[in-house]
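Colleague: Here this note's numbering runs 925 ahead of the position in the sequence shown, where the first position is 1.
No lab work stands behind these hints: they were computed from the structure.
Watch out, some of these pointers could steer you wrong.
Stated by the list, open to error - Quick list of in silico lysine-lysine cross-link-like pairs, DSBU-like style, CA-CA up to 35 Å:
{"hint": "1", "residue 1": "Lys1006", "residue 2": "Lys942"}
{"hint": "2", "residue 1": "Lys942", "residue 2": "Lys984"}
{"hint": "3", "residue 1": "Lys984", "residue 2": "Lys1006"}
As the list claims (entries may be wrong) - Pairwise CB distance ranges (calculated):
{"hint": "4", "residue 1": "Arg1000", "residue 2": "Gln931", "range": "20 to 26 Å"}
{"hint": "5", "residue 1": "Cys1019", "residue 2": "Gln962", "range": "23 to 29 Å"}
{"hint": "6", "residue 1": "Met928", "residue 2": "Trp1007", "range": "21 to 27 Å"}
{"hint": "7", "residue 1": "Phe946", "residue 2": "Leu1021", "range": "28 to 34 Å"}
{"hint": "8", "residue 1": "Trp1007", "residue 2": "Asp987", "range": "18 to 24 Å"}
{"hint": "9", "residue 1": "Asp987", "residue 2": "Ala1011", "range": "14 to 20 Å"}
{"hint": "10", "residue 1": "Asp960", "residue 2": "Lys1006", "range": "33 to 39 Å"}
{"hint": "11", "residue 1": "Asp988", "residue 2": "Leu1010", "range": "18 to 24 Å"}
{"hint": "12", "residue 1": "Gly952", "residue 2": "Glu1017", "range": "16 to 22 Å"}
{"hint": "13", "residue 1": "Gly970", "residue 2": "Arg929", "range": "29 to 35 Å"}
{"hint": "14", "residue 1": "Trp1007", "residue 2": "Asp959", "range": "24 to 30 Å"}
{"hint": "15", "residue 1": "Val1009", "residue 2": "Pro968", "range": "35 to 41 Å"}
{"hint": "16", "residue 1": "Trp1007", "residue 2": "Gln931", "range": "18 to 24 Å"}
Note that the coordinates shown come from a computational prediction; the quantities given were computed from them, not determined experimentally.
Cβ atoms here follow ideal geometry from the backbone N, Cα and C, with glycine treated the same way.
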Amino acid sequence: MVMRIQCVVVDAHDCPKLARFWAEALGWRVTYEDDHQSVVEPPEGSPEVDVAPDLLFVKVLDDKMAKNRLHLDLRPADDVKWTVLADPEGNEFCVLPPLEPESI
């Protein structure tokens, strides 16, 4: 049996806030939102729809204490150098340089 990843689950203190942050950062959309969980998905018609897993933010009461609850490496379409940023709850993520066309 072959499976695919349906969603990546992220522990969050404020699910709606993190969902809106990641939706804007990725150009995706929030498809479900309440105080206990929020879902972010690629936009309809996007080539990512059948490939990329959804992001599911699940409410936890404890704050981030040390290690990230999630670490993503993102690759932009434009000429951005590698850098480390953080989401509103302090989870670090990396923005990598774009792939060269011949390596795609």
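Colleague: If a hint holds in the structure, say so; if it does not, say that too.
Modeller: Comparing the hints with the structure gives:
no. : hint                         : verdict
1   : Lys1006 x Lys942             : 27 Å, holds
2   : Lys942 x Lys984              : 11 Å, holds
3   : Lys984 x Lys1006             : 33 Å, holds
4   : Arg1000 x Gln931: 20 to 26 Å : 22 Å, holds
5   : Cys1019 x Gln962: 23 to 29 Å : 26 Å, holds
6   : Met928 x Trp1007: 21 to 27 Å : 32 Å, violated
7   : Phe946 x Leu1021: 28 to 34 Å : 19 Å, violated
8   : Trp1007 x Asp987: 18 to 24 Å : 31 Å, violated
9   : Asp987 x Ala1011: 14 to 20 Å : 18 Å, holds
10  : Asp960 x Lys1006: 33 to 39 Å : 38 Å, holds
11  : Asp988 x Leu1010: 18 to 24 Å : 19 Å, holds
12  : Gly952 x Glu1017: 16 to 22 Å : 21 Å, holds
13  : Gly970 x Arg929: 29 to 35 Å  : 19 Å, violated
14  : Trp1007 x Asp959: 24 to 30 Å : 36 Å, violated
15  : Val1009 x Pro968: 35 to 41 Å : 27 Å, violated
16  : Trp1007 x Gln931: 18 to 24 Å : 29 Å, violated
Of the hints listed earlier, those the structure fails to meet are numbers 6, 7, 8, 13, 14, 15 and 16, in rising order.
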